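Residue numbers (this note's numbering), protein chains in the order written: chain Z, 4 to 197; chain A, 4 to 197.
Hints were generated in silico from the structure; no laboratory data involved.
It cannot be assumed that every hint is accurate.
With beta-carbon atoms standing in for the labels, derived distance ranges [to be verified]:
| hint | chain 1 | residue 1 | chain 2 | residue 2 | range |
| --- | --- | --- | --- | --- | --- |
| 1 | A | Ser-54 | Z | Arg-117 | 19 to 29 Å |
| 2 | Z | Ser-14 | A | Arg-150 | 31 to 41 Å |
| 3 | Z | Arg-117 | A | Asp-145 | 29 to 39 Å |
| 4 | Z | Leu-176 | A | Glu-103 | 38 to 48 Å |
| 5 | A | Arg-193 | Z | Gln-53 | 47 to 57 Å |
| 6 | Z | Lys-65 | A | Lys-22 | 47 to 57 Å |
| 7 | A | Lys-72 | Z | Pro-46 | 53 to 63 Å |
| 8 | A | Lys-142 | Z | Arg-64 | 42 to 52 Å |
Just so it is clear, the structure is predicted and the values come from calculations on it, not from any experiment.
We put the beta carbon where it would ideally sit given N, CA and C, even for glycine.
Protein chains: 2
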Amino acid sequence: MARLKAPQRRSQLIDTATKLFAKSGFAATTTAAIAEAAGVTEPVLYRHFQSKQDLFIAITRKMSDDTLKEWQSIIGNIDDPAEQMRRIAVEFPAHIKRMEDAYHVLHGALATSREKKVQAVIKDHYDQFEKFFIGMVKKGQDRGVFRKDVDPMMASWQLINMGLGYALIALNLGRFEHFSVEDSINFIVRGLKN
Amino acid sequence: MARLKAPQRRSQLIDTATKLFAKSGFAATTTAAIAEAAGVTEPVLYRHFQSKQDLFIAITRKMSDDTLKEWQSIIGNIDDPAEQMRRIAVEFPAHIKRMEDAYHVLHGALATSREKKVQAVIKDHYDQFEKFFIGMVKKGQDRGVFRKDVDPMMASWQLINMGLGYALIALNLGRFEHFSVEDSINFIVRGLKN
Numbered sequence: 004m005a006r007l008k009a010p011q012r013r014s015q016l017i018d019t020a021t022k023l024f025a026k027s028g029f030a031a032t033t034t035a036a037i038a039e040a041a042g043v044t045e046p047v048l049y050r051h052f053q054s055k056q057d058l059f060i061a062i063t064r065k066m067s068d069d070t071l072k073e074w075q076s077i078i079g080n081i082d083d084p085a086e087q088m089r090r091i092a093v094e095f096p097a098h099i100k101r102m103e104d105a106y107h108v109l110h111g112a113l114a115t116s117r118e119k120k121v122q123a124v125i126k127d128h129y130d131q132f133e134k135f136f137i138g139m140v141k142k143g144q145d146r147g148v149f150r151k152d153v154d155p156m157m158a159s160w161q162l163i164n165m166g167l168g169y170a171l172i173a174l175n176l177g178r179f180e181h182f183s184v185e186d187s188i189n190f191i192v193r194g195l196k197n
Numbered sequence: 004m005a006r007l008k009a010p011q012r013r014s015q016l017i018d019t020a021t022k023l024f025a026k027s028g029f030a031a032t033t034t035a036a037i038a039e040a041a042g043v044t045e046p047v048l049y050r051h052f053q054s055k056q057d058l059f060i061a062i063t064r065k066m067s068d069d070t071l072k073e074w075q076s077i078i079g080n081i082d083d084p085a086e087q088m089r090r091i092a093v094e095f096p097a098h099i100k101r102m103e104d105a106y107h108v109l110h111g112a113l114a115t116s117r118e119k120k121v122q123a124v125i126k127d128h129y130d131q132f133e134k135f136f137i138g139m140v141k142k143g144q145d146r147g148v149f150r151k152d153v154d155p156m157m158a159s160w161q162l163i164n165m166g167l168g169y170a171l172i173a174l175n176l177g178r179f180e181h182f183s184v185e186d187s188i189n190f191i192v193r194g195l196k197n
């Protein structure tokens, strides 16, 4: 395999680790297996990541960044916060299918890890989503489109819980049609308006 | 340890396995460790459960039964479906703390297991909750308390996702106050009514 520059190698190791953690689980995947799948020696891997935990942290940070970039791009041309929410929700089933491996890694760690550093980076992931949606709800309230008596924090968690619940059931139990994400977002938006 | 009758032994083994799976994870816990913690030999354990998977299935079935019994008892004297939902939601933070170990086992399996039998019993768990809440929404619609244009299936998943999201973040990241379950249920009930 051709020699990659440091940022490309780092990115390749993150992608390889995401696939292997998703397939075999975080605990069962060794750094040796990740190095082998990436076509490098373990010392090369350790030059980029000191531990499996560091790889997990990098995967989660990449996932937060990629998701927020995707959402910013979806809402880029849309002015109405209600329509912004609807568009993100309608794209959500495709989004989780595209990022299925990363979601498996994140949800597996959320549900099973007791390591403080792992929990801290997961908390940070949801904090960023919380902040993102709180901003959207407040914008709607400032413009008089949304009711002012709804707590933006609570409303942001209506959205996050819908996405988290949908992704968990869809990706792990293979039920993508158990409820309509579009109907759900319309229900929440109506609650924000009326 | 005194010799227990079969149903008591079975129940004790389920409780012991729940604690150990929650503490050390399903994969890392051996049937030998469960037998030892329960004060029996492995052959005695295997008389009740053929595999760790069978123990997981029994834990999940018990959790479904216990939860539905608890909810039936909470709503027993309440006639109004909106008030039934509110009471279950208000009790929910205490409910998940009380059943914390079983929730860890269920959520860990939901997020990480690829075994068909495990996924089937988890699917059955959520199917029961779905049916329970669909019944409650339909009752409200029949009585004219809830809007008839809301899909009861979608509404039941608003409730389930709120609980699933809350439990995952609260139990794993230690955030019990990130949003108010009571405010959330009031938001959903208002959406069902108006």
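Outcome of the hint check:
1. Ser-54/A <-> Arg-117/Z: 19 to 29 Å: Between Ser-54/A and Arg-117/Z, where Cβ atoms are some 25 Å apart, the hint holds.
2. Ser-14/Z <-> Arg-150/A: 31 to 41 Å: Between Ser-14/Z and Arg-150/A, where Cβ atoms are some 49 Å apart, the hint is violated.
3. Arg-117/Z <-> Asp-145/A: 29 to 39 Å: Given a distance of about 46 Å, which is not inside 29 to 39 Å, the answer is violated.
4. Leu-176/Z <-> Glu-103/A: 38 to 48 Å: violated, 23 Å
5. Arg-193/A <-> Gln-53/Z: 47 to 57 Å: holds, 50 Å
6. Lys-65/Z <-> Lys-22/A: 47 to 57 Å: violated, 36 Å
7. Lys-72/A <-> Pro-46/Z: 53 to 63 Å: With a Cβ separation near 57 Å, Lys-72/A and Pro-46/Z satisfy 53 to 63 Å, so the hint holds.
8. Lys-142/A <-> Arg-64/Z: 42 to 52 Å: holds, 46 Å
In terms of the numbered hints stated before, the structure departs from hints 2, 3, 4 and 6, listed from lowest to highest.
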